[in-house]
Amino acid sequence: MINPDPGSFRDPSGRVFIQDGRVLRAIYEMGRDNFEAVQKVGVLDALIAKGLLVEAETAEPGLADNMEPKPAHLLSHPLIPFISYPYEWTFSQLKAAAVLHLELHLEALRANFTLCDATAYNVQFRGTEPVFIDHLSVVPYDEGEIWAGHRQFCMQFLNPLLLWAKRGVVPNSWYRGSVEGIAPEDLAAVLSWRDKLSFTVLAHVVTQAKAHNHALKTETKEKIVKVHKLPKRSLVAMLEGLKSYISGLQLPGGRSVWSDYAGDNSYNAEKRAEKHDFVAAMAGSVQPDMMFDIGCNSGDFTQTALDAGAKSVVAFDFDYGALERCYSRFSQSKQSVLPLWLDAANPSPSQGWANSERASLGDRGKIDAMVALAVIHHISIGRNVPLDMAVDWLIGLAPQGVIEFPNKDDVMVRKLLASRKDIFPDYTEEAFLQHVGSRAQIVEQKKLGEDGRLIVQYRRT
Amino acid sequence: MGISERHIAAFAVLTIFGAAPAFAYLDPATGSIIIQAVIGAVAGGLLYAKLFMHKVRTFFGRKTADGASENTES
Chain A
0 MINPDPGSFR DPSGRVFIQD GRVLRAIYEM GRDNFEAVQK VGVLDALIAK
50 GLLVEAETAE PGLADNMEPK PAHLLSHPLI PFISYPYEWT FSQLKAAAVL
100 HLELHLEALR ANFTLCDATA YNVQFRGTEP VFIDHLSVVP YDEGEIWAGH
150 RQFCMQFLNP LLLWAKRGVV PNSWYRGSVE GIAPEDLAAV LSWRDKLSFT
200 VLAHVVTQAK AHNHALKTET KEKIVKVHKL PKRSLVAMLE GLKSYISGLQ
250 LPGGRSVWSD YAGDNSYNAE KRAEKHDFVA AMAGSVQPDM MFDIGCNSGD
300 FTQTALDAGA KSVVAFDFDY GALERCYSRF SQSKQSVLPL WLDAANPSPS
350 QGWANSERAS LGDRGKIDAM VALAVIHHIS IGRNVPLDMA VDWLIGLAPQ
400 GVIEFPNKDD VMVRKLLASR KDIFPDYTEE AFLQHVGSRA QIVEQKKLGE
450 DGRLIVQYRR T
Chain B
0 MGISERHIAA FAVLTIFGAA PAFAYLDPAT GSIIIQAVIG AVAGGLLYAK
50 LFMHKVRTFF GRKTADGASE NTES
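Residue numbers (numbering that gives the first Met the number 0), protein chains in the order written: chain A, 0 to 460; chain B, 0 to 73.
Mixed in with the good hints, there may be bad ones.
[Claimed, not checked] Derived coverage of chain A by chain B (criterion: at least 3 residues anywhere in the stretch with Cβ under 8 Å from a Cβ of chain B; other residues may be distant):
| no. | stretch |
| --- | --- |
| 1 | 7 to 18 |
| 2 | 145 to 152 |
| 3 | 203 to 209 |
| 4 | 237 to 244 |
FYI, nobody ran anything at the bench for these hints, they're computed from the structure. Idealized CB from N, CA, C, for every residue including glycine.
Here chain B stands alone, though its shape is the one from the complex:
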């Protein structure tokens, strides 16, 4: 899957929410800044889905030993 400049531009548009300059002694790289909001949003979705699936599994797995079904990586 190739990522074109249009995709990059779309990321940039998607992530314009407001001004939040982060000035640290370390210069955050532009490429990293551009993609963080998108990665963060997707990662948020993945984490939510994972927690949701965990809840579903715990609900259905309740009859088995409690600890056994909780052994998922988090």
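If we strip away everything but chain A, and leave its shape as in the complex, we get:
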């Protein structure tokens, strides 16, 4: 017997299992009627054909026999290459996910179906493309029914985007902490009166916050649920309005700290070319199905790895400006690259229900290779992580990879040490090589240019 995915328990109509490189979705008796109604008119197939919903087919009948309880239906879906969460996305990714959600909802309504929830965790990225993953969220629509997922949509899509666009505050730490998003009551408290001068903000944030607080005081829910009715044309108008508004949201202007790093860092062209060759040699020999690029910047070395044979890359950076450029770059080239935000000193933890509903960064499947260029000094010197621990973490990410080590003569390291006491006597090339060597085989090592950075390729033994 296989265990269900720990994040798929909220909706009792079905659960999801990962088996043999695919996703199995069990649909139980509770979800049977809705699912059969959806299947009958082919609405899922229509959403799949439009690229809004992940592909599905009926699983072999024998598979359901081993399951307890026995499902009424069993679907099979392709795996998403790497699961990510909204608190790891950039502004543009969250915006794309929100628009996808609204488009899918509108498309379902055209066929007289609706969505029974609006959780951002039901949107995943394949490369730069968002796709909806929960087939059981699509249910028959009853004329006049209210939008059950309205508050959830606001908390998980609209409000974080508003905080970002209107206040210039990155919502991800807040989002990661609350997991369920940002409540209208909280957002309303931090928006300025000018931010509130729009119908969308006034209606979905300010009024909702007031109504919510009012309702908490007055316990009239039973009555309210029974008497409220939302005509379909109003629901459609609300969704269209949100789609139009969210599509128009922009980040406040201004360059981020590292956005132009690749352009104006201390590197000359020759050293960069050598580094590209080194990364290409590793990616070419390993041919990773999934590779991590830690500290991707705008994705130059991700591109090199892809060109050399990496099939899919998750590209991490600490800088949102760099990630935006990376997302835009690979959205245009339509290559399989998923940019995600990462603080290497505090990666996403296992959290949610029973600390397992949302997986930690290190627990989301097999990573075949990784590159960490110009990263280790930020961890070791920037964040006071002893060098052996930094090497340990990096090598733990993937069995093979490339790590670059800028020594204390490097201008970027000097910058980090400029305003502080050098308490890092163990931050040396010799120590670095020893730490790598004791955890893995050093396949190749090289100095980039004269007195340049040390770069190594390792293979875990």
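Got chain A; can you put chain B on it based on the hints?
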């Protein structure tokens, strides 16, 4: 612009049209339920106005290139 409890009560009265319980596994929040009919109605009006203005603009802009005047966000 402050929104008082009276406004909230007015929303509630305005939106009493009939019984349409929506029972999903997700509990729709009360605040959200109360305001949806009003937001929906206003959003409907805005959408109608937008489409109307689009038609007006297309009518008067017919002499110019067809595609150019259609580049409004929807």
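Per the coverage rule (Cβ-Cβ under 8 Å, at least three residues), is the stretch 145 to 152 of chain A covered by chain B?
Since three or more residues must qualify, the claim that chain B covers the stretch 145 to 152 of chain A holds, with 7 doing so at under 8 Å.
Are there three or more residues in the stretch 203 to 209 of chain A whose C-beta lies within less than 8 Å of some C-beta in chain B?
holds (count 6)
Three residues minimum, CB to CB under 8 Å: does the stretch 7 to 18 of chain A make the cut for coverage by chain B? Let me know.
holds (count 4)
Taking a Cβ-to-Cβ distance below 8 Å as contact, does the stretch 237 to 244 of chain A have at least three residues touching chain B?
Our answer is that it holds, as 4 residues pass the Cβ test (under 8 Å) against chain B, meeting three.
When the structure is compared with the earlier hints, no violation turns up for any of them.
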